[in-house]
Amino acid sequence: MKRIIGLAALIAMLATAVMVPRANAQCVSGTGTDILLDWDANGFSYEGPNPYTGFVSPAGNVLTNVLAVSLLCGPLSGLDPNDPAKEYTMVWNGLVSSGTVTAPFGSSGHKYTTVYTGGTFALYEGPVNARPWTSADVPLPGIAYPQYAEGTVILSGTIDSLVTLVTQSSLGSISGSFRGQYQITGGTYQDQFCGGLALTALMDGLWYADSPPAGYTGHNNGKFDAPDCTTPAGNSTWGHIKTLYR
Amino acid sequence: MKRLQPLLLLAALVLFAAPAHSADRVFLCGFTGYDYVNEANPSGGGIPTPFLALNDEYCGVGFITSMSPLLAGVTNPADEHTFHLSEAMASSIYWDGAVLEVIFAPHARFRIYEDANHNADYGVDPVNATSPATFTDGTLILGADVTNLVLVYDYTVNQGNFDCMADIDEGSQLGAIPAEQRSGWVLSGTAGRPNATIPDGYVNQLDGEVQIPPATAAESRSWGSIKNLYR
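Residue numbers (the working numbering), protein chains in the order written: chain A, 1 to 246; chain B, 1 to 231.
The shape of chain A in the complex, shown without the other chains (with noise of 0.2 angstroms):
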């Protein structure tokens, strides 16, 4: 019997080692916080009601983004973004505009920052139908949206504190960046993710408001981290740790 517990035990060890994720390079930082997911070109946001207009959004607006994920890393990093069955979208929704400040740099450039807050994020696996479209044939967000935002919620959260940064500059060119806060409070896989504490990580990327498609404020690129789950180091008194263990 023992030696059959020993077998199952070896069976047990060698199946885990093989379905533990191969931590993919490209995930991996060295820091001790990693990549959690990236998706490359194939973001699209759109805001409303009021039209956003020369790379300014009116305070009010509320932002909506959608898109399809290319890389899953870490507790993701067993299921295949190019799966030919499922796909990996996310929806971003509810962010509200506190309104676009412009200000000029250099000797001809200028800025159009804008905070976004209140927002929430969903990463779905579905049904493969929105992962192959691109800025030349993305349909309406009337249309799009319900297909990014299709079949299991796997990770859900909060987004706050979003800055998108669109810059001219004084060469001429447009380009742009955003960066927030997100955290994990829900989805199936909430629980590999700091045993389901909820929190904030980075998101990050390339913002890019130059003639986007139609119905839609921009194109995007970009990554979440994933969130940092160790413990900081607290200070407190011997008898205090001597309670713990009376």
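Keep in mind that the hints were calculated from the coordinates and are not lab data. There are no misleading hints in this set.
Some chain B residues near chain A, calculated using beta-carbon distances under 7 angstroms:
no., residue
1, Thr-32
2, Thr-65
3, Ser-66
4, Tyr-94
5, Ala-120
6, Tyr-122
7, Val-150
8, Val-157
9, Gln-159
10, Asn-161
11, Asp-163
12, Leu-187
13, Ala-196
14, Thr-197
15, Pro-199
16, Asp-207
Every residue, glycine too, gets a C-beta built ideally from N, C-alpha and C.
Use these hints to put chain B onto chain A, whose structure you have.
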């Protein structure tokens, strides 16, 4: 007046010959990584503010995260694909205490490598034993001459971006890119500190893409209509 007309036309053409930032560009590849600076005058005390000064070399390394179908048939998806931005020399600096704008001299290089060894490792404090060496030790599949490189970084929000014109002119897979699609744009968002993902010695986290023009479809025309173009 007649002499003025061509001059005005030429002036108008020059004025409107801005970079072709249009929606009709197509995706060549996406990338993620980190940037670093080879300082012309090393400060020796960590990353200075601003992080670039005149004559500094701006560099970036990282991974290609996805590729255009143009390259799908000629690259091995199981291999490691990396990029290296180098030889970008800061030739003009604007710094007002919050916003940094850097314009770079022409002829920087952006290169993409394919490597059966999955060995790319950022390490810390580049240049180091593994970076950029392990990002450039594969087969050079595409390389580009980079011009009009400009970087803008806003310290009030700890983020920025760079963009440039890239003329793809080298690499084992150069033939996979039609000649009319070899001039494109590299765009990247940058996120600085606080940012736990950035290895020591690197400056910003990068996330970007390379866009190229769409293929121009051939059209059937008569000799008469072609002759009319020159009359």
